[in-house]
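Chains as they are written, first to last, in this note's numbering: chain U, 1 to 692; chain G, 1001 to 1431.
In case anyone wonders, no lab produced these hints; they're calculated from the structure. Ideal Cβ placement from N, Cα and C applies to all residues, glycine included. Check the hints yourself; a few may be wrong.
Stated by the list, open to error - Capping the alpha-carbon separation at 25 Å, the derived lysine-lysine pairs in PhoX-like fashion look like this: (1) U:Lys653 with G:Lys1289; (2) U:Lys641 with G:Lys1289; (3) U:Lys583 with G:Lys1397; (4) U:Lys390 with G:Lys1151; (5) U:Lys296 with G:Lys1075; (6) U:Lys593 with G:Lys1384; (7) U:Lys649 with G:Lys1384; (8) G:Lys1075 with U:Lys390; (9) U:Lys654 with G:Lys1289; (10) U:Lys185 with U:Lys231.
Stated by the list, open to error - Covered stretches of chain U, as calculated for chain G (at least 3 residues, CB under 8 Å): (11) 129-139; (12) 636-648.
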Amino acid sequence: MKKSDRKSLMDLFSPTPEAGTPISFVAATYELETDFFMTDLLPSMLSLGTRRDDLLTSPHIIDQALRDCAVHILLDRSQYADARGVSSRVDLMISSTRVQHSKVYLIYWENLIRAIVTSANLTRDGFRKNREVAWYIDYKVSHSSDVSILRNLIEGLENITEVQLNHDAIKSLHLMHQTAKDWQKSQTKKKVSPLILWGGNEKPLISKILDLWPTQTPVKEAHVVSPFWSKNSGPFEALIHGLKSKNVQEDFVLHLYCQGRGDPDVELRPVFPLEVKRHLAKWPLIDVFLHSCTPKVGSDDVSDLFKRIDERTDRFLHAKVILLLSTEITLAAIGSANFTENGLCRNPDSANIELMAVWILNGKALQDSVIANLLPPTLGKIRLVDVDSKNVFEPSPFSEEPKWPDFVELAELDVTVPKFDWKEKDVTSKISTLSIRYRSPKDKNAKFGFHLGDGITDFLLPSTNITRVEKFDLDIPQTSLLLKSREIFIYWVEAPNGIAFPINLTAETKVDLPVQSIGHKPTEDQLIDYFSGWKDRNQLLEVGLRDPEQGQNVTDNSIGIDQRVIQLYTVRSFVECLQGLKKQLEESTSTDKGMRRAFLCEISPVALANSILENYKQSKRTPVAAGFQILELMRTVSSAKITGNTKTKQQIKKRCIDLLNQIYQQLEENANRELSSPIFQAFKNRLLSGEN
Amino acid sequence: MTLPFLTKYDPTEIPGGTIDPLGFFLPYMRLADEWIPGLTNAADQPRYCSMLCRGALIASKHSRKQDLSGIEDRKLRLEIIKRYERIWVLACTIALGKKAEGMGLRGITYAQTELMRSRARTDYTLLGNQLRYGAIGMYAPMSIALELLTKDYVPEARGVELANVFPFDPEIDELAVQHKDGSISKDKLLEWGRKVRVGKLLAQEKRILRDALNSNPKRKIALNLLETVPRTINELDRLRQIRVNLSHTKNRTDLEETRVKLLDVIARFEYFYNLSISAFNLIRWNATKTGSGWNSLSPDNFLSKQLPIAKKSAETFLGLKAAMQFVFRDTQASEIFRSPIELAKKTQLCSSASEWVNILVGHHKEVQHGRFGESTEKAAWLFKNNDLVFVGANRYKLNTPVTSNYEIEPHSYKSLSADNFIGLNLEHEKI
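Kindly generate the complete structure, drawing on both the sequences and the hints.
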């Protein structure tokens, strides 16, 4: 492979033209950055356009696109704080007992399943800036790719992290696997496929990797690329003893690639723990070199002949690679594991959950290709024996793990009222069930439980010797609060005030969920405000959540204000919002999906027309005013210009106008007398013919 | 077979990436750098260099006393330079009053806000990222190219000289090296600001800067030539005039000969750019106007009228390939100019306005998809479906009609900045 064939990770997440619509995405990552994930990665994967393209018009469109695409993310407990605020439709599953450090991304589009093994977390730097390592495999209709790789990845996710995956995630994984099997037309061709190795089970990951090295084959050179290094001798001892057990002598050259710090135009010094020098002195036959990897963006990093971004120095090394080379044979391991005790050497009970893809390759050409593609550019190397405190930087110590309720595995909310239609219900009605899967913490005698963060609601969890699921019925205010916060606060003896823990929504709840966390369908006033630009989506959320708590709709007039005055104001606001509505509709037409959502879903002219009809039925609107509004909506939709006027887009627009027409007809059926008056008919004809 | 790979760099904010629909920007950058190496269009206030050298001088004097490790030392020096810049921007802002805006002072609104306090602090926030967008980010690369500073921001001999003729004030110097929480009275700022404000240059500063500029033969010749033609005409005409003057010079040196050829390339490159981009913008305007797709088969007088001129311009541009090779000897001219050359080849053979639309939209797509050196694929502004042309997203719409190619701004070849540096556009004082 030429260096120019390298891709950025964003490229791998952008669907090919044939890929079709996204169906599911399952990811294991150490870290997730909400802003990057919601505004950059997901839109790209969902074919809605990326931040770079500026095609994205409205966050609610992403949220609605997620309705058709199941997204499940498994991440490490220490990183939950950064992942708060993702869409309610995204499941967050947290590793409760061990460090979840593997990075694997499985994307299922209608006609393409892509599995990506990498060192990159779901962060902007990981996907756009860092020097990461990656490998991917595609499964398309009639493919001949090796399905066992996908199976290994899925089984690893299920078995190693079994307790954290929820039912929906497992369902998505199984569907992916089955589809890849169904699509396979012929037997896997003889290709160079990697072996998938998970760390965190049976035996240390390094031993599993070295087991693949052929016995008695001398190692000429070993190359290790890692951003982090243990201070102790563990990983080095494991490497050397592992090779010894295969009758390989310890007289090879060991190259260690570290992050370089300093001025990349002058001199870089490796970030490396000096203490390792003392440990490695035990093996004098091994010649060790430290290489400083440059943070400078080089010409190999971009396909830019003009080197105009050469001055940038924000490429940090985050790739993890182990290469063992003999004259002809190459072992290449890439993935998530740093060259640390936790990453490679520990026994199952305390090891990180890691994932490495390992190749055993024969031949010089492949060896050269792998070397060219996996070893990062460096500036200067130094023999380890010559290293002292003046020519290396000591790495910063690892930060301490935050407290985490490791006795809780999952929390899931199921809203039991269909379509979130709780307007008419008493506030004390139980409308949802919260399920907690847990076992007792170590100190079983101290009380433990959770609260909702409102200072009022507190639930105790009963003591248990086995893993069990406890269910709690919640009323309207509690449900509203959870839909908004999407987290509960678990307390136990070590954290008496509680630690935030994410809750996921059940698949059924997600289907009914209208727009992100609003908790009910937006009202006419809210839609008008939204289209007028007076409210952003978050304000919509604030108002939306107050309604059920008060047991009434914000637009209800139960305090004796003259309805006609309200109507006057509403209709005036309505007219003012039409311009904004038209703009939003036009902006959404870059993609079919975006357009379908903007024209037909919860925040759309159809939704607004329905709420107008509803208000008419509740005598909050005169028939003429309601008729005027719906006709104006029809005119606005008709006049909205479409980018790329394809057949599908024309159909969407037509469908929208048809639906508005149907709503108008319903109104007409109820108010025929008023709407059939000659004056109104003349108005209608003029409006629909495009005259003012 | 897919083997694992190290990932590509793919930041979202690569500058210039979205303002270059036809792939002329990178060749332009190479031409501009070949014409006046080291200077930039954005850094056009020479006083910044003097201030930067003064800041760097006091920083390196102070840091020498501290005996710090390499990285700590650099950090401390940067801190002092940044603090010195902050005080200087305050001084310039107060001294210039209402005139401060439009003088190329970076972070003026931050300084104005700080000046609302009774005493201004020395550690107020100046710019979102002072290092990147302030004096160091914008003027240090140029100061390094002019050999005023080293890459570590230590003044070179000429930089020390410049720092010493800059009207420094020992009290301000002391304040800049002082650690945090310093403050300064407005009276003091005003007093110093009158001497050091941006837009002014002492005769000695001018001499030192001119020497620095002349240290590079390409720069020297360009600056000397710029002085020979009036500044009242537009830049391209000025370059054309220079080319004419130069071509009449007898016994031209090799370097002068290269300048003649370079100016030929610039003139024809800009002309071809002008015609191509105006046609492209017209297509954008047509597609914006119709919204639902502009039919490229429908007659467009402007395009039909411009096509023969564009073809001729493409032909003359291509005729300069030998000149390009001559100018960029050590690099591959055909690589640098790949995008305009490919467009010119297609334009040259084009037989109708609708075919020209195809060529421009197709070429634009290839540029956006990274064929000519962009690091990543970007969405096209325009796309075609059968004969209909659409605008990809709202931001790519053109909201004003295109009526002639004269409205297109040519690229800027640093003349303004060069004029400022040789003191032609500035007030200067004798000492």
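### Query
Straight-line Cα separation of U:Lys296 and G:Lys1075 no greater than 25 Å?
19 Å, holds
### Task
Establish whether the coverage given for the stretch 636-648 of chain U by chain G is satisfied; the threshold is a Cβ-Cβ distance below 8 Å, and no fewer than three residues must meet it.
That given contact holds, which follows from 6 residues of the stretch 636-648 of chain U lying within Cβ reach (below 8 Å) of chain G.
### Verdict on chain G covering the stretch 129-139 of chain U, where coverage means 3 or more residues with a C-beta closer than 8 Å
holds (count 9)
### Query
Straight-line Cα separation of U:Lys654 and G:Lys1289 no greater than 25 Å?
It holds: about 22 Å lies between the C-alpha atoms, which stays within 25 Å.
### Message
Tell me if the straight-line CA distance from U:Lys390 to G:Lys1151 falls inside 25 Å.
### Response
21 Å, holds
### Query
U:Lys649 and G:Lys1384: Cα distance at most 25 Å?
16 Å, holds
### Query
Given the proposed pairing of U:Lys641 with G:Lys1289, does the C-alpha separation stay at or below 25 Å?
10 Å, holds
### Restraint status (C-alpha distance of U:Lys653 to G:Lys1289 at most 25 Å)
With Cα atoms ~20 Å apart, U:Lys653 and G:Lys1289 stay inside 25 Å; holds.
### Message
Please verify whether G:Lys1075 and U:Lys390 have alpha carbons no more than 25 Å apart.
### Response
17 Å, holds
### Query
Has the given pair, U:Lys185 with U:Lys231, been kept, meaning a C-alpha gap of at most 25 Å?
50 Å, violated
### Query
Holds or violated: are the alpha carbons of U:Lys593 and G:Lys1384 at most 25 Å from each other?
20 Å, holds
### Query
Between U:Lys583 and G:Lys1397, does the CA-CA distance stay at or below 25 Å?
With a Cα-Cα distance of about 13 Å, the restraint between U:Lys583 and G:Lys1397 holds, given a limit of 25 Å.
Hint 10 alone, counting from the list given before, is not met by this structure.
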